[in-house]
Structures are given as structure tokens and as C-alpha cells.
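Build the full structure now, drawing on both the sequences and the hints.
Protein chains: 2
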Amino acid sequence: MGALNTQLGVNFPRGFRSAGVYCGIKKPGLLDLALIVSETEASVAGMFTTNRACAAPVQWSRQVAAGGKARAIVANSGNANCLTGEQGMRDAQRMAELVARRLGCAPTQVIVASTGVIGVPLPMNAVESGIGQAFERLSDGDDRATADAILTTDSASKRAALETATPAGAVRIGAIAKGAGMIAPNMATMLAFIATDAAIDPADLQACLRRVVDATFNSITVDGDTSTNDMVIALANGASGVALTGESLEAFEAGLYQVCEYLAKRIVKDGEGASRIFEVRVSGAADADAARRIARTIAESQLVKTAIHGGDPNWGRIIAAAGRAGAPITVERAQLFLQGTLVFENGRPTEYDERALVNAMQADEVHIVLTLSDGDGAAHFWSSDLTAEYVKINAHYRT
Amino acid sequence: MGALNTQLGVNFPRGFRSAGVYCGIKKPGLLDLALIVSETEASVAGMFTTNRACAAPVQWSRQVAAGGKARAIVANSGNANCLTGEQGMRDAQRMAELVARRLGCAPTQVIVASTGVIGVPLPMNAVESGIGQAFERLSDGDDRATADAILTTDSASKRAALETATPAGAVRIGAIAKGAGMIAPNMATMLAFIATDAAIDPADLQACLRRVVDATFNSITVDGDTSTNDMVIALANGASGVALTGESLEAFEAGLYQVCEYLAKRIVKDGEGASRIFEVRVSGAADADAARRIARTIAESQLVKTAIHGGDPNWGRIIAAAGRAGAPITVERAQLFLQGTLVFENGRPTEYDERALVNAMQADEVHIVLTLSDGDGAAHFWSSDLTAEYVKINAHYRT
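Quick mapping for you: the protein sequence lines, in order, are chains A and B. So for the first sequence, the numbering used here puts the first residue at 225; every next one is plus one. So for the second sequence, the numbering used here puts the first residue at 225; every next one is plus one.
What the hints contain is simulated information worked out from the structure, not anything from laboratory work. If you're wondering where the values come from, they're calculated on a predicted model, not measured in any experiment. There's no promise every hint is true.
For identical chains, the list gives no copy identity; a pair is met inside one copy or between any two copies.
In silico SDA-like cross-links for lysine to any residue, where the CA-CA straight-line distance does not exceed 20 Å [said to hold, decoys possible]:
{"id": "1", "residue 1": "Lys-251", "residue 2": "Pro-347"}
{"id": "2", "residue 1": "Lys-616", "residue 2": "Gln-586"}
{"id": "3", "residue 1": "Lys-251", "residue 2": "Gly-564"}
{"id": "4", "residue 1": "Lys-251", "residue 2": "Arg-286"}
{"id": "5", "residue 1": "Lys-616", "residue 2": "Arg-500"}
{"id": "6", "residue 1": "Lys-293", "residue 2": "Leu-327"}
{"id": "7", "residue 1": "Lys-293", "residue 2": "Arg-434"}
{"id": "8", "residue 1": "Lys-293", "residue 2": "Gly-465"}
{"id": "9", "residue 1": "Lys-616", "residue 2": "Ser-499"}
{"id": "10", "residue 1": "Lys-493", "residue 2": "Leu-228"}
{"id": "11", "residue 1": "Lys-489", "residue 2": "Glu-352"}
{"id": "12", "residue 1": "Lys-616", "residue 2": "Val-582"}
{"id": "13", "residue 1": "Lys-616", "residue 2": "Asp-577"}
{"id": "14", "residue 1": "Lys-293", "residue 2": "Lys-489"}
{"id": "15", "residue 1": "Lys-293", "residue 2": "Glu-263"}
Dropping the structure here:
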């Protein structure tokens, strides 16, 4: 597998062009509309928010992904087109139609995504002019503008690209993402768009994407809130001439995992107010679902998150969070490691060196490992600490 | 029903005496051991934490409550006797034995509760001397010391007492409680001890307590963390000579509800770092469980809690939280009221007066009412806002 290039995104694979422009949704000077176009019809796969109050573009793009084939992705930031009633659905469809007309394809082959303010109708004049501009600026060179045009409160653009050798030949993968708070009426949502020049059957691409997203984008948490607009889309256009099945597809999946893991961790690091990130690894749980519940409950616990912020090896809060996760757990047979130090076993704390461990907890990344003896379920979660800065950002968004 | 007296607790009903003393678990001068004794054998009922990492005294007292009869409650603060291995179970039992010997009853008739630091063995010499002192100071007068001796990071003692008229005659109820953060290795736990001089069958008392606790102590949240030591205990000793069944029992339950609701709200108001509290009322949900999930998800959402802190009528975060609660919800038929103002219906925001509503949101209590059209499930939850002060308290507890 090649090295990860974090200065290039969706333009790295062959047969893709993209653009990012300012059209007037955000403040002047801030890019707010992104367009990604495949030269030829591509296989498409998608993973969408499970929030029942999902936005119009999510409802639209779920149908596009179900069709298996797409030509383009159009995404705006600054307005989520969410909780906007029937007008919202018409606007999402109109975005697809505007792109489809230029490409000469069906509107049902255009993925639409939005992120930003909830409950405000999209300024469609701005969007229409933005789509026109974006087509004029489509390029297969640097795609920094494309990556920037989907950001909201993110502090930096998020790109990753990789060439992966497979038994069938080398293929390229490139992706862009955005994060920040998981959901907010002003600035919202996790989005990721992945392009590859491999030729992959839509069903294979969907299966592959689901496995990778579950272990990466679905294993991170900033504040436990699932956005109304979350979406991860993969396009595979076959421009490499390399068709993937069997072992070659597995090699591709490993590359896709590397790209998505990098972007997912970047999103956590860039979480609102975050000063430090931490990983929770659970093994030996009753089953995979139990492992995931336990890892997630620890990762989302306010008391664990504040302890991580304080650099406090507060094992009691971690065990207590594991205990309330709603999964079976035999505390007497649990072992807990913080930064590699065994701090808890046999139902009580060990006699570890508190001062040394406090020092180790000051690192940028903290690792929590919980080893259970209840089965063979394993899971991991990445999370950010909870800071006074987070409260400030989120208490005064609108007023 | 009589007026609620908040300057008296477990000593109000006849046939109970109590004491609160300092024995050396907390810093000098801070009361840390409470004893409540019924003159005669009382019916006992209990509700306990569902955390699987529950403390030794919880395991002990669950057995006592299952027996249906008890004479006393002994509780210490400053040490949770939790995650203390086998020694912890021996220490909890020893506390019961020390009390039982003085009363001439079986140890299995003594409820034991602890709250405070996790993972540190109880200083049993101090506890033993404290129990001796407490017996010397048992009184049926003012019970402020009893209430204070179970506090941890609470800013004020929490008592409530009431005389309730029932068709069978008047009975008295008195209770003390403690709250603060739901769980922390230093200071932890929700505890409530309720005494009544009514004569009630243990099974009736348990059924009554379960219904009341579900709607009061189990419908509050400060940080979503379920403590390892939570416990609500009711003792009914019959000293009033009034035996309750049928309608009389219902009248008693209404009184018990009033006492518990007051104490539960006091716990939320006194939540760590809280500057404001809010109530979430959900009606028209698919069923009671769905209503509870939705109310709780809104009440625990970090983004809702920070918006409440900022006095921000952020309806988008509330709808988004409802949408991810894992319960069916038809957003298009939902109505959302903030401080009585309709802010959302027909899948989009109404044209409310933003400035007037922002002013209304500055109140000490904020009311969120979500009316659904999916069924007849209803639920409510009380919660506190999330503040920078909360983060400060919890980031630097131990280091």
C-alpha cells in the first residue's frame, strides 16, 4: 500500500474533476459550494444518518445511492436544508436537476448534500449561480477549494489520498471530509466524499463502504449527537481500467480503511473545543454489540471526557461508565489499562504509580484499553475531551 | 394533603429517630455518618442502581429490601465502598452487624449505603466509632445533621416532610436526599431515604415506591451517568396506627410523589455547575417507552444543555435530539413549544418573536414541550444546563 497523501483529495483518482466556489450562502470570501464530477458513470455507495429528522438532501441522496450509479456530487455549506418542509425536498431535487442538465445525465444520478443552519430555506438563486461557477472551474489539479467548500466550524480542511496495489493492479482512492460538532442549527454534520478509479460493482462497493464506515466514521464521537445531515458517499468510476473482486477487493478495502481512519481521527481532533483525543478499545465483551455499547458509553461519558481533559487517570469513571452501558460485564474479571498501565483488576484498583501515570495522561492521545472475560466481542471508539471551550462555543451560537 | 415542610426530614413521622455525626472519613468538621432507626420493625422497599459495577452496600441492601422488613439505615459519605473487591462486601456486612448488635435485630434487617470515593477500602475503625457515636445522639427532633451527613458535593441539605390525609386516617412522610454529580470517584451518587409511620405491606410499599421513583428520581439527569451507588429506600413502621390499602394507599402515593418530586428537582437544581434547570415533556409518542427515550435524549443532549445554558431557543437541536432517540417519530406532525411559545410545526419553524422568546429563555426554569402524533405515550424529564463550571469541577477532581 502506498503512503497516505494528506494534501490531495477527490482529484487524485483518474477521471474525476472538482471545484469549490463562493456563491453567497456563507459570508463573503468563504467557499460554500462544492462539485465533484466523474467523467463517466460511476458505481455509487452511501451511508446516511440514522436520525429520523433527516434533511431533504439525505432523503434525496439515499434514493440515488439505491440506484447504484451516479455521475456527480453537489454539496453546499452554510445551510443544511433541514426541517425546511416540502420546499426543502423541492430544493434538493432542483440542485440535482441543475447539475444533471449540464452533464446530460438523469437527476437521479446526482448526489446532493447540505450542511449548516437548520430550518432556513436554501437561497436557490445563490445555489444556482454557484453550480454554474463550479462547472466553469472544474479541474483535476489541486482540490483544496473543493475540500474547503464543505467545511463549517472546522478549523482546517481534511483530505486524504492513496494508491493501493491490488492483485488486479494499482488503483487510486481520494477523499475529503468535514466534521466539527456533530449537529447544530448553525453549523452541523459529518460529511465525507470518496472517489476511486477502481471498477467495482455497486453492491460490492456498498458492502465494502459499510464495513469501513462502521469501524471509522461510525466509531467516532464528539458530543454524541447524530446529525440530521450526515452522509458518506463513495464513487467508483473504473477509470484505472482495474476491476476489483475477491482478493483485489479486499486489498482495496484495506486502502479505503486507511483513508477513512485518517479522516475520522482528523474530525475528532478538530472537534469543537477539543484539546486532546482518546481511543477506547474494548475486547473480551459478550459479543460485538456489547463491546460497541461499552466502548461508546465510555467514549461519550461526560465525566470520562472531563477527566481526560484534566489529564486525570480516573479509572473509576471508566469502570462506572462500562457498568451502565446496558451490556453484560463481569467487573471482577475486567482489566483496565490507561496509557499501557494496568490500573484495575480483580474488582479493585492496582497499586500503580499515580504520579507517572498522571504525566502520561498529558499526551495528545490517550489510550484506554478495557479487557473483559465475557466473550470475544471487540470494538473501538475515538472521542475528544470535554472542555470549557466546547461549552462556550455551543452556548452562544445564535443569541 | 398538607403543605410540604422542607425543614424537616425522616424524623417527622412517628417512631423514627436519627443522627448525623463526624467520624473521620471526610475532613474534620464535615458530618460523614448517618443513622436512621425505627422503634419497631418496619416494612422496607428499595430501588437500586442498574449499574453492573454496583457497590458492595448496594448488593447488601438489595438483599435486605428483598426480605421486606428492616429496623435501620446506616449510611456514610466520603467513601463509596465501591470497586473495593471482597473486602468491600465484608465491610458492608460489618456495618450492618454493628448496628444490628445495638438494636438486637438480625444484620439482614439493616440497610447500608455509602457514597464518596471509589476504589478505596472503608476506614472501618472510623465507621465503627461513628456508629457508636450515632447511637448516643439518636434523636426524634431536628434532623438537619442526619441530612447533612449523607451529602458530598451538594451545596445544601435536602429534606421534605408532609402529613397526608387518607380515608384510613392521617399519616406522615419524611425524607432526606443527596445528589450532585451522578457519579464520580471522589463524590458520587443519588441517595434518598424515606420514612413513614403508615402501616403498609412490603409488596404494596415496593410497588408504590417503584411508580413514584420512576416518575421522580428516575426522571432526572445531571450528566447521564448512572452511579454505582444509587439507592432509594422507604421504611414504613406503622407507628401512626393507620394501615393503608386501596384508596388510602393511593392517597399515600400522591403524598409520597410530592415529597419525592420536590427532592428530585432539588437534586437537579443543585447539579454540579448548574445555573438553570429545564423540564422536557413529551406527549403523543408511539408508546410510553418511546416517550421516555425521546424525553431523556433531549434532556441529556450536550447541545441542548449548552443551548439552555446560553438562553438560546435552539429548537433545531431539540428536534434533532428527538430524531436520534431511537424511537419512531413523525417530524412533520410534531409541535414544539419553548416557554409556551410554538416554535416548530409542519416540519419547519414557525414565525415566532425571537427577541421575546430569548428573553423568556433567561428564566430559572425552562419548559420544553414536544407534542407528537404517533400514539399516546407520555413522559417527562428534568435536567440541568451544561456550564463551563461543570467542566472545571469534573476535570480536576483528583489531580
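Outcome of the hint check:
1. Lys-251 / Pro-347: Close inside one copy (13 Å), not across copies (62 Å); limit 20 Å.
2. Lys-616 / Gln-586: So Lys-616 and Gln-586 pass the 20 Å test across copies only (17 Å; inside, 23 Å).
3. Lys-251 / Gly-564: Neither: 46 Å inside a chain and 34 Å across chains, both beyond 20 Å.
4. Lys-251 / Arg-286: Answer is neither: 30 Å inside a copy and 60 Å across each miss the 20 Å cutoff.
5. Lys-616 / Arg-500: both (17 Å within a copy, 16 Å between copies)
6. Lys-293 / Leu-327: within (14 Å within a copy, 79 Å between copies)
7. Lys-293 / Arg-434: within (17 Å within a copy, 55 Å between copies)
8. Lys-293 / Gly-465: within (17 Å within a copy, 79 Å between copies)
9. Lys-616 / Ser-499: Both: 14 Å inside a copy, 14 Å across copies.
10. Lys-493 / Leu-228: Within one copy, since 18 Å is at most 20 Å while 50 Å is not.
11. Lys-489 / Glu-352: neither (34 Å within a copy, 52 Å between copies)
12. Lys-616 / Val-582: For Lys-616 and Val-582, the Cα distance is within 20 Å only across copies (17 Å; inside one copy 27 Å).
13. Lys-616 / Asp-577: neither (35 Å within a copy, 25 Å between copies)
14. Lys-293 / Lys-489: For Lys-293 and Lys-489, the Cα distance exceeds 20 Å both inside one copy (29 Å) and across copies (55 Å).
15. Lys-293 / Glu-263: Classified as within: same-chain Cα gap 13 Å, cross-chain 79 Å, threshold 20 Å.
In terms of the numbered hints stated before, the structure departs from hints 3, 4, 11, 13, 14, listed from lowest to highest.
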